[in-house]
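Sequence lines, in order, name chains P and F. Residues 1 to 222 (our numbering) make up the first sequence, in order. Residues 1 to 254 (our numbering) make up the second sequence, in order.
Fair warning: there could be bad hints in the mix.
[Said to hold, decoys possible] To be clear about the criterion: a stretch of chain F counts as covered by chain P if any three or more of its residues have a C-beta under 8 Å from a C-beta of chain P, and this derived list gives those stretches: (1) 58-65; (2) 106-117; (3) 189-199; (4) 206-220; (5) 225-233; (6) 240-246.
[Stated by the list, open to error] Examples of chain P residues lying across from chain F (beta carbon under 7 Å, computed): (7) Lys129; (8) Val130; (9) Leu131; (10) Gly138.
Hints listed in this document are in silico derivations from the structure and should not be mistaken for laboratory results. No residue lacks a Cβ here, since even glycine has one placed at the ideal position from N, Cα and C.
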Amino acid sequence: MNTAGQIEALLLASDEPINLQKLRDMLADELDSSDIRSALSELEAHYQERGIQIVQVSGGWQFRTAPEHAELVHQLWEIRPQRLSRSALETLAIIAYRQPTTRAEIEALRGFKVSSSIIATLQERGWIKVLGRKEVPGRPHLFGTGKPFLKDFGLNSLQDLPDSAQLMDEDEIQNLVGNNVMQIQQGVLYETEQNSEASENTDDEENSQQGEVGSEAEETSP
Amino acid sequence: MSEAAAVADLFGGAEPSLALPPVQLDQFEGPLDVLLHLIRSQKMEVFDIPIAMITSQYLDILDAQVELDLEVAGDYLVMASTLMQLKSRLLLPRPEMDDEGNEVDPRAELAAQLIAYEQYRMLAEDLNERPRIGRDVFTRSIFPESDEVERPLPEGDLDALLLAFRNVLKRVGGEVRHHIFSDTMSVREQMTAVLEQLSHGGIQLDEFLLANPGREVLVTTILAILELWRQQTITVVQSENYGSISLLLKEAAS
């Protein structure tokens, strides 16, 4: 029987992504993982240009509509999905990249309070969950991401988080700052304040900071 | 003149900030976000922040707010004082040294904090741009925001419990009442009942208890008897070992 066709049927009928193990259990015994994998890539190629795609998420495969049809598909429903606030996104990002982490650590990084309602919202969606408690005074909750986070954000595993390789840890940041500060001190030694104030007048008004933010951090990463 | 403006004047950096377009604090995610906005929009060097100018611009923004939500004001004000402290440290004639005798820039810590935060601010944007279920991509017939979707049972962990508890709270309107039921029997009432009985003459304890069945009644009755005995209103007599116990009114006994 046609393996790709069988997998196609299973994926379409399933509400959840199906992983390799489960596919193997359901398909004929003589198939091994490489057969299934090649059938899956055959399917992935087949759906490349279509309105639906086979996507690998959360360790399994799932049919999803192609992102370019989002606007069209939204017409099916009256309710629009809620937009995520920046605080929710930043909190989620810190938890995702630093897990396990505590609320105090999140607040220290953001330099700003994390409201309980944001934690509750993220928990309700299953994006974050309590992994345990940190063995420090107060035994605060340690937060990490839950499976729905991978599924909803289309990630196969936490390794697939965007740019995680570029993320600098505290030591790297310290070194970076140390080196740069030293250069500045050697250059102008304590006149930095006046210099930059003087040079400020020549700066144009530049309010589109968004593009600037990204390039700056990339230049500075080691 | 407002306090913030006065401080800004003190630092002599009030003019350049006039060129900045007004911003609302609620567009920002905290003091670090505000500082990054000021630094990046003016193309400043994060390792070499002109503290005096940034401080006055920062205070201008705080000052421009019609009202500052107390909940969030604290963090913004802490940053304001940090900035002013930095400025005063920079004004000290003798440079600060670390353990190895190297010069320390007091601004290094703030720079590190800004860089760390900026990373996550970017990552948050990256995350937001990923195709998301229910917003950009859809799985078959499931619309995540719809109520009719059958959700898989949550795993049996702490979160699932908390979630369930929260749902219950929601259902009862977020209000949990702890009901305390008043006793249906009071010791005092039972004391009266015992005395009433005894006024007709002494009685055997086991007979008396048998006439008042039920755990609550039994306990209350025993308490009532003990209390009456303690008050010396009645006496309790047991004439022989394991023999029956009689209750008598004190006056009758004496």
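Here's how the hints hold up against the structure:
1. 58-65: violated (count 0)
2. 106-117: holds (count 8)
3. 189-199: violated (count 0)
4. 206-220: violated (count 0)
5. 225-233: Check failed, 0 qualifying residues.
6. 240-246: It is violated, with 0 qualifying residues against the three required.
7. Lys129: At 4 Å from the nearest chain F Cβ, Lys129 of chain P passes the 7 Å test, so the hint holds.
8. Val130: At about 5 Å, which falls below the 7 Å cut-off, the nearest Cβ of chain F leaves the hint on Val130 of chain P intact, so it holds.
9. Leu131: This interface hint is violated because 9 Å lies over the 7 Å limit.
10. Gly138: Constraint on Gly138 of chain P not satisfied, violated at 17 Å.
Hint violations for this structure: numbers 1, 3, 4, 5, 6, 9, 10, all remaining hints satisfied.
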